[in-house]
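Listed in order, the protein sequences are those of chains B and S. Count along the first sequence from 1, then add 30; that gives the number in my numbering. Count along the second sequence from 1, then add 942; that gives the number in my numbering.
Check each hint, because a few of them may be wrong.
[As the list claims (entries may be wrong)] Covered by chain B, per the in silico footprint, the following chain S stretches (three or more residues, Cβ under 8 Å): (1) 1118-1124; (2) 1153-1160; (3) 1165-1176; (4) 1183-1190.
[Stated by the list, open to error] A few chain S positions that, by computed beta-carbon distances, are all more than 12 Å from chain B: (5) G964; (6) T1256; (7) M1313.
[Said to hold, decoys possible] With a cut-off of at most 25 Å between alpha-carbon atoms, the simulated PhoX-like pairs for lysine-lysine come out as follows: (8) K1137/S <-> K1367/S; (9) K1433/S <-> K1367/S; (10) K1466/S <-> K1367/S; (11) K37/B <-> K1137/S; (12) K961/S <-> K1433/S; (13) K1466/S <-> K38/B; (14) K1221/S <-> K1367/S; (15) K1436/S <-> K1367/S; (16) K1137/S <-> K38/B; (17) K961/S <-> K37/B.
If you're looking for bench data, these hints aren't it; they were derived computationally from the structure. Owing to the predicted nature of the structure, the values given are computational and were not obtained by experimental measurement. C-beta: ideal position from N, C-alpha, C; glycine also.
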Amino acid sequence: MNDAERKKGIRRTALIVTAIAIAFYVGFIMIGVLRS
Amino acid sequence: MSTTVADLHEHHEDHGPAKGIGRWLFATNHKDIGTMYLIFSLTMFFIGGAMAMVIRSELAIPGLQFVHPEFFNSMTTMHALIMVFGAVMPAFVGLANWMIPLMIGAPDMALPRMNNWSFWILPVAFGILLSTLFMPGGAPAGGWTMYPPLILQTGDAFPFLIFSVHLMGISSIMGAINVIVTIINMRAPDMSLLKMPMFVWTWLITAYLLIAVMPVLAGAVTMLLTDQFFGTSFFLAAGGGDPVMFQHIFWFFGHPEVYIMILPAFGVVSEIIPTFSRKPLFGHDSMVYAASSIAFLSFIVWAHHMFTVGMPLTGQMFFMFATMLIAVPTGVKIFNWVATMWRGAMTFETPMLFSLAFVFLFTIGGFSGLMLAAAPADIQYHDTYFVVAHFHYVLVPGSVFAIMAGAYYWLPKWTGHMYNETLGKLHFWASTIFVNLTFFPMHFLGLAGMPRRIPDYSTQFADFNTVASIGAIGFGLSQLIFVWVILSAWKGSKATDRVWEGSHGLEWTVPSPAPYHTFETPPKARIANEAFD
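With the sequences and hints as input, model every part of the structure.
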């Protein structure tokens, strides 16, 4: 794996896990909204 | 082999760290950030420990001695928040920062600037939390679980509590992103996932747990904030909300949080036991699957914290059996550690002593956990000192002992000097004796019916409480030995690169102390492979 590919991989993985974190945050607040 | 890799670092010796305070404020080096995390964690350990001393002094004999009941409640709340988010979690992040790049042959963490932010958010978060001690109405006193409606009665401290919890969450999430990205993208050539050391594996799983549950805690406290200040009624029954929903959401975070604090401990112990048994870890792959199973199961057991709240019988049955199922992968781990030691050429240096105590005493905490998992029995044990005994056995001789073991194990690699083994053993024996003196009697207190979170109690509980308080003060004082061992480590004999006779892995192929920059050229596949054989 060269440097460019590694940087691309780092960016991709970071974006995916950030999206998961945001989805859990928003998702659980939405559960609260729907149930209250 | 070590010479070969050490040679790679020689031409980088002129690239030293920045001078002065800037080295730490703007740190992007994983070793510097790891060191800061570990020092921060030790500081918080003593602040949280001082609060434990207040609690145990008050409970040493029946009656109100030293503090008002409201302040006592603040102490239990703050002690828990500081120990969980300020001491145990940052300690493991510190170990991760120091060791993961060294173990996988990476030059640094993948996102070093974010790493700096992850750390520096923490002193701000805990500065805010600790400042609430001086606010009108005092520090939060509704318990670390922050259940509404009680927590909404907190005085001026409430928004500061919420803000500090958010900051802690952001710090943890950024740290977890960094760990995942580093492990996925920056491993040495030919280091397949299943060849990774167990500490790296357990941290990868822990990081995924953090990504999934820290935002849930953030969501829960955001809703508390809007209930208090923006007129919503997520958890307020008067407005059509449901306070029990908070408990469900909180424990959806809270139970995986327990494994966030114990899985890296499993990783540390899985590194140490093979080294001092001079054998490879028994069942490496099964350890990976067991850790993954524990992580998965941790998401489907949360309501065992809520059996007394009331739920359908089928719900009780599901959460009871799912919880008991966790004993299976945990048993696999205990079996594998014992099998690793079986017929090994064992020696008992301080890291091994702490690891052995971990295996034995964590198992006691696991067994009392199984007792609490049984729904009918839990209705008796709930909110008693039996629960306090259980989770302290898991967290103190569990997580904290593993952190101590890891600190002793890797200290020569960090400092380049051997610590004083006699003092290390003194620290171990004092800690082990006093930790049992503190927490074992709490099982009896709980079974006899003493409730938790009370500043005074009936006289029939007096004797065991006095014993627990003597043990707690002894345990607290014993930790001063640890500080002395660390401070005096720089005067010890020079450590070799490999440090321990039985150690394996890439981290032992770099010089001691580890140079400021390591693995700028990825280690050759052959070297990486040999390090694991």
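### Message
Let me make sure I understand: some of the numbered hints might not hold for this structure. Which ones are they, in numerical order?
### Response
8, 10, 17
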